[in-house]
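Asker: The chain contents come next:
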Amino acid sequence: MQSWKEQKHRSLMRRIRKHRLHLCMILPVMVWLIIFRYGPLYGITLAFKEFRLLGGISGSPWVGLDNFNRLFSSFDFSSVFRNTLIISALNFVFGFPAPIFLALMLNELRAPRFKRVIQSVSYLPHFISWVILTGIFMELLSPTRGPVNSMIRFFGGSPIYFLGNPRYFRGTLVVTNIWKSIGWSSIIYLAALGGVNEELYDAARVDGCGRWKRIWHVTLPGILPTVTIMLILAVGNLVDDNFDQIFNLLNPAVYSVGDVLGTYIYRQGITNMDYSYSTAADLFRNVISLILVISANAISRRVNEYGLW
Amino acid sequence: MQNTKKRNRVYESRGEPVFQGILIAIFILLGVTFLYPYWHVAVTSLTSPDYASAAGFKLWPREFSTDAYVHMFHASYLWKGYANTLKVVLLGWSCSLLGVVLSSYPLSKKDLPFRNLFTAMIVTTMFISGGMIPTYLLVNNTLHLRNSYFAIILPACVSSSHVIIARNYFMTLPNELEEAATIDGANSVQVLMRVILPLSAPILATISLWVIVSNWNAYFNCLLYITDPNKYVLQVVLRRIILTDSKEMTSVAETIANQTDTDIVTLRAASIMLATIPIICVYPFLQKYFVKGVLIGSLKG
Numbered sequence: 001m002q003s004w005k006e007q008k009h010r011s012l013m014r015r016i017r018k019h020r021l022h023l024c025m026i027l028p029v030m031v032w033l034i035i036f037r038y039g040p041l042y043g044i045t046l047a048f049k050e051f052r053l054l055g056g057i058s059g060s061p062w063v064g065l066d067n068f069n070r071l072f073s074s075f076d077f078s079s080v081f082r083n084t085l086i087i088s089a090l091n092f093v094f095g096f097p098a099p100i101f102l103a104l105m106l107n108e109l110r111a112p113r114f115k116r117v118i119q120s121v122s123y124l125p126h127f128i129s130w131v132i133l134t135g136i137f138m139e140l141l142s143p144t145r146g147p148v149n150s151m152i153r154f155f156g157g158s159p160i161y162f163l164g165n166p167r168y169f170r171g172t173l174v175v176t177n178i179w180k181s182i183g184w185s186s187i188i189y190l191a192a193l194g195g196v197n198e199e200l201y202d203a204a205r206v207d208g209c210g211r212w213k214r215i216w217h218v219t220l221p222g223i224l225p226t227v228t229i230m231l232i233l234a235v236g237n238l239v240d241d242n243f244d245q246i247f248n249l250l251n252p253a254v255y256s257v258g259d260v261l262g263t264y265i266y267r268q269g270i271t272n273m274d275y276s277y278s279t280a281a282d283l284f285r286n287v288i289s290l291i292l293v294i295s296a297n298a299i300s301r302r303v304n305e306y307g308l309w
Numbered sequence: 001m002q003n004t005k006k007r008n009r010v011y012e013s014r015g016e017p018v019f020q021g022i023l024i025a026i027f028i029l030l031g032v033t034f035l036y037p038y039w040h041v042a043v044t045s046l047t048s049p050d051y052a053s054a055a056g057f058k059l060w061p062r063e064f065s066t067d068a069y070v071h072m073f074h075a076s077y078l079w080k081g082y083a084n085t086l087k088v089v090l091l092g093w094s095c096s097l098l099g100v101v102l103s104s105y106p107l108s109k110k111d112l113p114f115r116n117l118f119t120a121m122i123v124t125t126m127f128i129s130g131g132m133i134p135t136y137l138l139v140n141n142t143l144h145l146r147n148s149y150f151a152i153i154l155p156a157c158v159s160s161s162h163v164i165i166a167r168n169y170f171m172t173l174p175n176e177l178e179e180a181a182t183i184d185g186a187n188s189v190q191v192l193m194r195v196i197l198p199l200s201a202p203i204l205a206t207i208s209l210w211v212i213v214s215n216w217n218a219y220f221n222c223l224l225y226i227t228d229p230n231k232y233v234l235q236v237v238l239r240r241i242i243l244t245d246s247k248e249m250t251s252v253a254e255t256i257a258n259q260t261d262t263d264i265v266t267l268r269a270a271s272i273m274l275a276t277i278p279i280i281c282v283y284p285f286l287q288k289y290f291v292k293g294v295l296i297g298s299l300k301g
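Residue numbers (our numbering), protein chains in the order written: chain A, 1 to 309; chain B, 1 to 301.
Heads up, a few of these hints could be off.
Stated by the list, open to error - The list that follows gives simulated cross-link-like pairs (lysine-lysine, PhoX-like), each with its CA atoms no further than 25 Å apart: (1) B:Lys288 - A:Lys8; (2) B:Lys110 - A:Lys18; (3) B:Lys110 - A:Lys115; (4) A:Lys18 - B:Lys109; (5) A:Lys115 - B:Lys109; (6) B:Lys80 - A:Lys5; (7) A:Lys5 - B:Lys288.
Calculated from the structure, these hints are not laboratory results.
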């Protein structure tokens with residue numbers, strides 16, 4: 001008589017033998033995963049240590065919460081954290097609904113070829129890196145030769161240094177970010193709009209609904225699941241500032257309003273080589289980000305009965 | 001098609017043409033805001049320095065000049081950047097595709113041993129990461145990859161979401177084909193090469209496009225790990241040209257501008273154009289595949 005456990009063991013061995021080539025295929029990727037994805041997780045211990053170059057991470061002495069004490073008492077960090085929250089909130093409030101509006105407007109458009117052209121044109125910025133876009137925006141927003149400022153001058157205003165004036169920098173970040181991402185983000189909503197049942201529109205028309213009522217009662221409920229999923233993802237990204245964008249557009253003149261967690265961690269860690277301190281800052285950010293994703297998902301599951309997992 | 005058109009007409013309100021007119025006007029305006037920035041830079045790059053530094057909208061190069069491009073064609077660092085980027089794109093593309101196929105195909109087998117463990121390990125990394133500094137120390141201090149292109153490619157080589165998307169695609173392929181090939185004596189590797197991959201062209205093409213675009217635009221890892229200027233990729237070369245007023249950059253373009261009378265504004269514009277033109281040229285042909293890819297990717301949600 002074989003015990004149940006033995007049987008299970010046998011079947012596992014049989015499965016391993018059957019899939020030995022498959023296991024050989026996946027093995028290198030798993031090794032890569034452990035080195036490059038799980039390896040850095042060990043490096044997080046650095047947040048509780050004081051880094052010594054000679055000893056490396058494992059040879060550095062433990063210092064408890066010293067790095068976090070330094071972090072939370074630092075004036076720089078509180079200002080950086082506030083900037084991150086404000087910029088993310090602005091991006092969320094204005095950037096999240098923007099592609100939905102674009103998709104709704106495109107959906108109402110009755111000229112299919114024109115619609116396709118507009119869509120193609122609006123996707124293009126997605127493929128251009130922030131390095132190049134920085135060059136383009138520096139030209140467009142330049143206070144001396146930029147066309148935006150000549151328009152302001154034309155209407156009697158005085159030129160604005162959008163990328164160098166702390167009063168305008170955050171607004172510039174939000175607008176340029178929307179410009180880059182609105183088209184591409186609208187794809188997913190357009191697909192959802194295409195999936196709304198055509199008969200519901202007919203029914204609404206028969207019931208005498210005008211355009212706005214149709215949008216409100218049929219279209220919006222139809223894309224609500226998609227909006228919810230995108231909302232969860234957006235909430236999870238709230239503290240993951242747009243690093244690529246801000247890293248390239250940021251300059252010392254606007255550190256007071258534009259320096260965010262990502263750029264701060266980069267400067268403290270890579271430029272100043274204060275590894276332990278910036279790892280602590282990074283850990284702080286990652287923990288908040290994780291908490292945000294999990295809670296957004298939990299709330300969505302409770303309210304809408306669906307979530308990411 | 002005919003049918004829907006008719007239906008729309010029946011229900012159309014009298015205000016519809018006006019509404020459509022307003023929409024079209026709004027979209028023309030939007031289209032201009034999307035396209036004008038590139039046009040502005042293109043025109044700037046093709047004018048004389050005097051006109052380039054004049055204020056306002058530039059609809060047409062008033063004083064046509066190709067000086068900036070002539071200079072840029074002699075700028076070896078730009079072409080070196082191009083060559084390095086091509087190397088990174090090619091190497092990164094082969095590594096990523098190999099990694100995605102080698103992991104997603106076995107995972108598509110329902111009775112693969114440790115399947116749940118592998119999947120959990122891959123999905124977990126979508127939500128938890130070590131962060132910038134631990135990764136930097138790993139690549140730079142532990143693995144000693146400084147000044148190697150593998151430092152650019154390896155840290156982001158296999159994307160978890162690509163693996164899941166490819167796995168889901170492989171799972172939709174009919175089992176019978178594989179069984180037939182197995183009965184004919186093919187082993188797993190042969191099945192993958194001769195049966196599965198030829199059927200997976202759409203998903204492989206989509207993932208390839210994503211990987212190629214992200215490698216073409218990547219600059220940050222190069223900034224972190226490459227200190228030898230001869231190995232800079234195009235985006236890093238551009239960053240140095242564009243951010244010439246930033247202190248940390250020793251400006252490349254400035255030295256050129258000093259040697260000649262070409263203005264830095266036109267040089268900057270020309271280098272932006274030279275880096276953007278390849279994208280704009282292939283974009284119209286590949287656009288629909290990208291859009292398809294987004295939709296494939298969203299299905300898992």
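Asker: Determine for every hint whether it applies to the structure shown.
Answerer: Structure-based check of each hint:
1. Between lysine 288 of chain B and lysine 8 of chain A, the direct Cα distance comes to roughly 48 Å. Violation of the 25 Å bound is thereby established for this hinted pair.
2. Distance hint between lysine 110 of chain B and lysine 18 of chain A is fulfilled; the C-alpha atoms sit about 12 Å from each other, no more than 25 Å.
3. For the hint linking lysine 110 of chain B to lysine 115 of chain A, the alpha-carbon distance of about 43 Å lies beyond 25 Å, and the restraint is violated.
4. With a C-alpha separation of about 11 Å, the suggested pair lysine 18 of chain A and lysine 109 of chain B falls inside the 25 Å cut-off, and the hint holds.
5. For the suggested pair lysine 115 of chain A and lysine 109 of chain B, the alpha carbons sit about 42 Å apart, so the restraint of at most 25 Å is broken.
6. Proposed proximity of lysine 80 of chain B and lysine 5 of chain A is contradicted: the alpha carbons are some 62 Å apart, above 25 Å.
7. For the proposed pair lysine 5 of chain A and lysine 288 of chain B, the alpha carbon gap of about 53 Å is over 25 Å, so the pair is violated.
Violated hints, listed in ascending order, are 1, 3, 5, 6, 7; each of the other numbered hints is respected by the structure.
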